[in-house]
Amino acid sequence: MELNVNTEKGAAPGAPVLKIEHLHISFTQYEQGLRREQMTVIRDLDVEVRAGEMVAVVGSSGSGKSLLAHAVLGLLPYNASAGGKMEYCGSELTPDRIEKLRGSEIVMVPQSLACLDPLMKTGHQIRKGRTDKRTKNKLKEIFRRYNLKESVEELYPFELSGGMSRRILISTALIEEPKLVIADEPTPGLDLKVAKRAMEHFRELADMGAGVLVITHDLELALETVDRIVVFYAGESIEEAKASDFKREETLRHPYTKALWRAMPRNGFQPTDGVQPYAKEMPEGCPFAPRCRLCTAECSKEIPWRELRGGRVRCLSAM
Amino acid sequence: MRLELKNVSYQYKKEDRMILEDFSLSAEHTERVGLLAPSGYGKTTLCKLLSGYLLPDSGEVLLDGKPLSSYKGYCPVQMIWQQPELAVNPRLRMRDVILEGDKVEERILHELGIEPDWMNRFPSELSGGELQRFCLARALGKRTRFLLADEISTMLDLITQSQIWNFLVREVAEREIGLIAVSHNQELLERVCTRQVELRK
Numbered sequence: 001m002e003l004n005v006n007t008e009k010g011a012a013p014g015a016p017v018l019k020i021e022h023l024h025i026s027f028t029q030y031e032q033g034l035r036r037e038q039m040t041v042i043r044d045l046d047v048e049v050r051a052g053e054m055v056a057v058v059g060s061s062g063s064g065k066s067l068l069a070h071a072v073l074g075l076l077p078y079n080a081s082a083g084g085k086m087e088y089c090g091s092e093l094t095p096d097r098i099e100k101l102r103g104s105e106i107v108m109v110p111q112s113l114a115c116l117d118p119l120m121k122t123g124h125q126i127r128k129g130r131t132d133k134r135t136k137n138k139l140k141e142i143f144r145r146y147n148l149k150e151s152v153e154e155l156y157p158f159e160l161s162g163g164m165s166r167r168i169l170i171s172t173a174l175i176e177e178p179k180l181v182i183a184d185e186p187t188p189g190l191d192l193k194v195a196k197r198a199m200e201h202f203r204e205l206a207d208m209g210a211g212v213l214v215i216t217h218d219l220e221l222a223l224e225t226v227d228r229i230v231v232f233y234a235g236e237s238i239e240e241a242k243a244s245d246f247k248r249e250e251t252l253r254h255p256y257t258k259a260l261w262r263a264m265p266r267n268g269f270q271p272t273d274g275v276q277p278y279a280k281e282m283p284e285g286c287p288f289a290p291r292c293r294l295c296t297a298e299c300s301k302e303i304p305w306r307e308l309r310g311g312r313v314r315c316l317s318a319m
Numbered sequence: 001m002r003l004e005l006k007n008v009s010y011q012y013k014k015e016d017r018m019i020l021e022d023f024s025l026s027a028e029h030t031e032r033v034g035l036l037a038p039s040g041y042g043k044t045t046l047c048k049l050l051s052g053y054l055l056p057d058s059g060e061v062l063l064d065g066k067p068l069s070s071y072k073g074y075c076p077v078q079m080i081w082q083q084p085e086l087a088v089n090p091r092l093r094m095r096d097v098i099l100e101g102d103k104v105e106e107r108i109l110h111e112l113g114i115e116p117d118w119m120n121r122f123p124s125e126l127s128g129g130e131l132q133r134f135c136l137a138r139a140l141g142k143r144t145r146f147l148l149a150d151e152i153s154t155m156l157d158l159i160t161q162s163q164i165w166n167f168l169v170r171e172v173a174e175r176e177i178g179l180i181a182v183s184h185n186q187e188l189l190e191r192v193c194t195r196q197v198e199l200r201k
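Protein chains in written order, with this note's numbering: chain A, 1 to 319; chain B, 1 to 201.
Derived by calculation from the structure, the hints in this document are not laboratory data.
Be a bit skeptical, because a hint or two may be false.
[What the hints assert, rightly or not] A few chain A residues facing chain B, derived, Cβ under 7 Å:
| hint | residue |
| --- | --- |
| 1 | Ser161 |
| 2 | Ser165 |
| 3 | His217 |
| 4 | Ala259 |
| 5 | Leu260 |
Note that CB positions come from ideal geometry on N, CA and C, so glycine has one too.
Construct the complete structure from the given sequences, taking the supplied hints into account.
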């Protein structure tokens, strides 16, 4: 494998590439008439990605995880406002900096298949119009790995199946030489073999020195390739664990993470009652409290982070 | 009651590859059949044929020995789609979405954990998991005899997946509705189905 990630200008191996603290994002919505309302979708999210590391933010669909990717890339819609601290390679990630870096050093694999330009052939689109030999060969190599025929380069997005479009989106990121990859739900609609291959490809980018952040609801798939997991629930990150902590229920920390573990088909397929609270009806304190058996009166206050067994958790009763 | 595909062939355009060629499959109403297939195999096409959204180029789709197309009105074979947000009309409130199917028992809404307040919302105000509960309820009308589940939980988190499937297995067993489930996830199919069929190119 060719070592083509320049770690000189960027972060040394193990140094944080991306560091996000207390990220919060809210939307201004119009209710009836001119009455405006703030809806906070992400309330408090911490995540750190180091060079050479692959981190997954895992949370249910519709919980606002995608906004994290959009915030880092400066792609939030006009009616959203974000706060908190974002650092890239040790210094603040300002809008000017984002604009310079995205698409080259910071790349994103978007969730929506609609992100492909419907009027541009896929090959041209992935190469961003470049026609030099090196880029062309690199694309051929990527296609080979993903079982895409060379003729796919000549197709328009509407001629692709769901799984093919997904692989095209991933290719758009892999053709660059990024230091930070943010993949937003990169695998739904892919069969297990292709999904695993895509994750392994991200893993390779991490092994070559890039930081990789995967945002996904597919915990089972993430566990096979990532180093660390940040569990996201109802707008907050509630636990940080090593992927290996998920081998047993006892090594996990937060009651919600344990509930996720028990719901896996291989671990009993047990459901937990209730649903995630709606962003406009958040309980005070711990967002999982209404569904939690260990809940006490203290849980309605603010819950601080605690270091626990090599990870971090935001729960008063976790042991 | 049996749902069958008999020697079915289908292709989208004449010049394209055959999606299905001389394909046969049958399921009893007491069964929960899991279909495991790689991406691009034509699983969704298969489901659309089985539920009458598409007609085969040749061969037959039979329910209880009669062509599915001969059933008028509410189709006894109902399909649940992978992406619930694309399966509901974005301009209808949820209480109207639920009326699109057959009569749905109050009990089902309750068991699926659908909150009364959600009825007043538009699809964009619900999460994927919440929307999928509505799609399930909508497909479980009184006259439903078979249910096709096309990757209905790939977009959902593990807890919602397990809630939905535990409910669905109980419900179809009680009402003797046949179930055909398509998924990439073999572990899930092992949990949910009575029999599995692996499809290969």
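Verification of the hints:
1. Ser161: 5 Å, holds
2. Ser165: 11 Å, violated
3. His217: The hint holds - His217(A) has a Cβ within 7 Å of chain B, the shortest such distance being about 5 Å.
4. Ala259: 6 Å, holds
5. Leu260: 5 Å, holds
The structure fails hint 2 only (numbered hints given earlier).
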